[in-house]
Structure formats: structure tokens, C-alpha cells
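Student: Please model the entire structure based on the sequences and the hints provided.
As a plain string of letters, each chain reads:
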Amino acid sequence: MPMLASVAAESMARKVFSQCSVEESMACGIGVCMTCVLPVIGEDGITRMLRSCVDGPIFRGDRVRWSEIGTVPEGTWGSEALRS
Amino acid sequence: MTRKIVSSGNVSGNYGNARCDLRATLGSLEIPSAILTASGCAAAGRELDNYFDITQIGGIVTKSIMLAPRSGRATPRMAETPSGMLNSIGLQGPGVESFIENDLVWLRQRGARTIVSIAGGTAEEFGKVAAKLRIAGGFDAIEVNISCPNVEDRGQVFACRPDSAAQVVQTVRRNSDSKIPIFAKLSPDVTDIVDIARSVSQAGATGVSVINTLLGMVINTTTMRPALAGVTGGVSGPAIRPVAVRCVWQIRSALPDLPIIGMGGIRSGHDALEFILAGANAISVGTSIFNDPSAPMRIQTELQQELASRGFTSLAQAVSYAHREADIASMEEAPSSAAEDSETEWDFISE
Ligand SMILES: Cc1cc2nc3c(=O)[nH]c(=O)nc-3n(C[C@H](O)[C@H](O)[C@H](O)COP(=O)(O)O)c2cc1C
Ligand code: FES
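Protein chains in written order, with the numbering used here: chain X, 88 to 171; chain V, 5 to 355.
Source of the hints: derived by calculation from the structure; they are not laboratory data.
The structure presented is a predicted model; accordingly, all values stated were derived computationally and were not measured.
Some, not all, of what chain V presents toward chain X, calculated at C-beta under 10 Å:
id : residue
1  : Ala46
2  : Ala47
3  : Arg50
4  : Arg74
5  : Ser75
6  : Arg81
7  : Gly94
8  : Gln96
Every residue gets a Cβ at the ideal spot worked out from N, C-alpha and C, and that includes glycine.
Tutor: Right, dumping it as C-alpha cells:
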């Protein structure tokens, strides 16, 4: 993951399009369990916890919130419910 | 329950095309097969429909849905444990409105029987979710998840106290169509699960679903920190099966007529049979789906064979059969069932 994050950062700095195949720890691998999620920014600018197994594993490098993997970033869709 | 066993266990090699009626009646809920999926292990059925025809099992119990969209907890959300796993998903989901528009509509069009699992932070939230579902319609029953361990505040685990459990069930009952059966999902992490079962039954639950996961924890010895971001999580899989069978047995002993959906570590028809004999009217398959997405269908076929090989022509005949007085036939059976036990080794999830 740190390598993918660096590749994505480097590409963004050089204004080059990048795609990354992520590898989160998975229980089912078919989209039913929700263990493999990571924060990804959608077309609409909203961050969602997406499943790497079926929504990915390939995401645009500039859409994954690399440094915040392992957290639910502020403003993520549905995170208010968790914090309230 | 007074039925004499027709043959002892010796015919177990002779399964062939064994036929056995798997219909289950849980109060007013009648399903053609007693095999269901466990909430949170089958999403809303769509993914599993790629692996087997979801209309061919008893029904889909959907992931617990709350009033508003919910991101769930941070990752890591999973840790492997001996013969099982720990999860701390934190009820990630789109909220009840999106669930109704997308998932419920799809399940209905697909023709799958659907038990909608609901959750909430307060009894009032449970009531609001139930009210929205009542307007939408198009499902067969509600499972009330009062036992999710993955909430920040353990005080939110309504299933830990008879009064709070009853309050939630009563609220859901009041906000639901009176014809809709309601099952309360119970936690094994209590002093006396029978107390809770009795309480929710009196509060209007049609039956109970037992068990939810046990609260557990794993320490990562490399980071020397808790393995899960959420610190604690729920233990599931074969490791918890004896606890689950015990819970079913205790509730059945105390409440002979209460419909029970049994679950916890079921990964074969043989495991499912244990629950039925202990008193479950139906069973749910959860964690097993993760290493075999077609597990519910396979277990359904296996259970039919397990029942037929013991001389049962219907699943209903086998419900609570282990509660009868010991007889000669059952003593003769003991060696062969012990041998069957040792033949299955569970190959757990690989990363
Ligand atoms: C990843 C995961 C997510 C779960 N999510 C829910 C849930 O949303 N609602 C619920 O009532 N139970 C949930 N459960 C509990 C299961 O429905 C079931 O009660 C428990 O896992 C025991 O059965 P099993 O050993 O066959 O998995 C979840 C279990 C797992 C492993
Ligand atoms: S691994 Fe289960 S949803 Fe991705």
C-alpha cells in the first residue's frame, strides 16, 4: 500500500493519470461482508467506504485517500451516524 | 417428538437421492426450506445470486439496516481466529430509504423470500425503520438486531437486558403490520439467555434468532496493539457452534413453542442437523459463505440427506428430537455419529 500511495502521489505531482490495484484484507472476496473497505472519493466529490473486492480492486490513484486508509475520514458518507 | 427412529445411523453411506421435506413454520412465517442466510453475511442477496439461485433456499436475511446511511468502522475490520474470525464492521449500510428503493425492490423482483434485519441506536430509531418498511411492504419478516457487538457503547446492546430488549421489540411490533412476523436476534453474552428470550416473546416477538457473535478481541503481536481498529469485535464461525447449540437447547427447553432460528458456525448439513435436533425450527448460514459462497445451497442438500438417512421424512419431525428421553436406538447411534464428526476439517478463509 505505501508503494501504491507513492506512485499515486508522484503521478499527481506530474499530472499523470494513474490507476492502482489495491489489496485490503478480505474475508469473502465477493462483496458481502464489508471487511475490505477503504475511503475513496467519488465523481460527486463525496468520500465513501468502498469495497476493494468488488468496487475495486482498481481505483484511480487520485481518488483513494491513501494517508487515511485505516480511518473513516471526516465527512465520509454516513460517518455522522457513527460519531453521534 | 414421540416418533420412533426408523433406522439407526448405519445407513449413512446410502444417501442417494434422499428426499426430505424441509419446510419450516415459524409462527405465521411459512418457508419451503428451513435454510436462511445470516444477516451481514449475504448483503442483500445480489452477489450470492451469482453463485446459486437464491429463490431456492428458505430466504435471505439482509444486512442489518439503520435509519440513516452509515460508514461503519475503520479498518482493519477482520482478524482470523482458530476455526473462526473476528469482525467489527460497525453496520455499514446505505440507510433504510436507499435499502427499500434498491435492495428490497430487487429482492422482490427476483422472487426471493426476504427477512429484513433492522438495527438502531435507540428504541425510537428501530421504530422509525420499522415504520418505513411498513409503508414499503414487500418482505416476509423482520429480524430485530438488538445484539450487534460493534457499536461504540456496550450500553447500546439492548439484548443484554430483558427490559431494554423487550422495549425495542415492543416498539418494532407497534410500528409494523400486525401480520409481519418479528424475530429478535439475541446475544450469547448474557448470564441467562432464556430470560431474554422469554422477555422478547412476551413483548410480541414471533420468535428468536440465536446467536449473534460473541464479543472478542485479538492483539496483533507485531504492532503490539489490538488487531481491529475498533479494538473489540464479534467472534463467528465453527469455534462458536457449541455455544450456539447450547443457547438453542436452553431456549427450547424453557419455551417449547417459541419459533427459533438457529445459527453459529454452521458449515455443513451435519452441523445444521445439530441445531434442528437441539430445537431450532430453521437455521442461518453466515461465516461459511465467506469460504464457499454457495454454502447455503450445499448445506440445504446435505441436510436433506442427513435427515433422510436417519429415517426422517420431514425436517419438522427432527425439530427438538434430541430433547426426548434417551432410548436404545440413540445409544446405538452414538459411535457412528462420533465417527462422522471427525471426518470434517474446516479449511478456513485464505487471504
Ligand atoms: C462480517 C459479519 C457481519 C455481520 N453482520 C451482522 C449484522 O449486520 N446483523 C446481525 O444481526 N448479525 C450480523 N452478523 C452475525 C451473523 O448474522 C451470525 O449471527 C453470526 O456470525 C454467527 O453465525 P456464523 O458463525 O454462521 O457466522 C455478522 C457476522 C459477520 C461475520
Ligand atoms: S472481502 Fe467481503 S466485501 Fe470485500
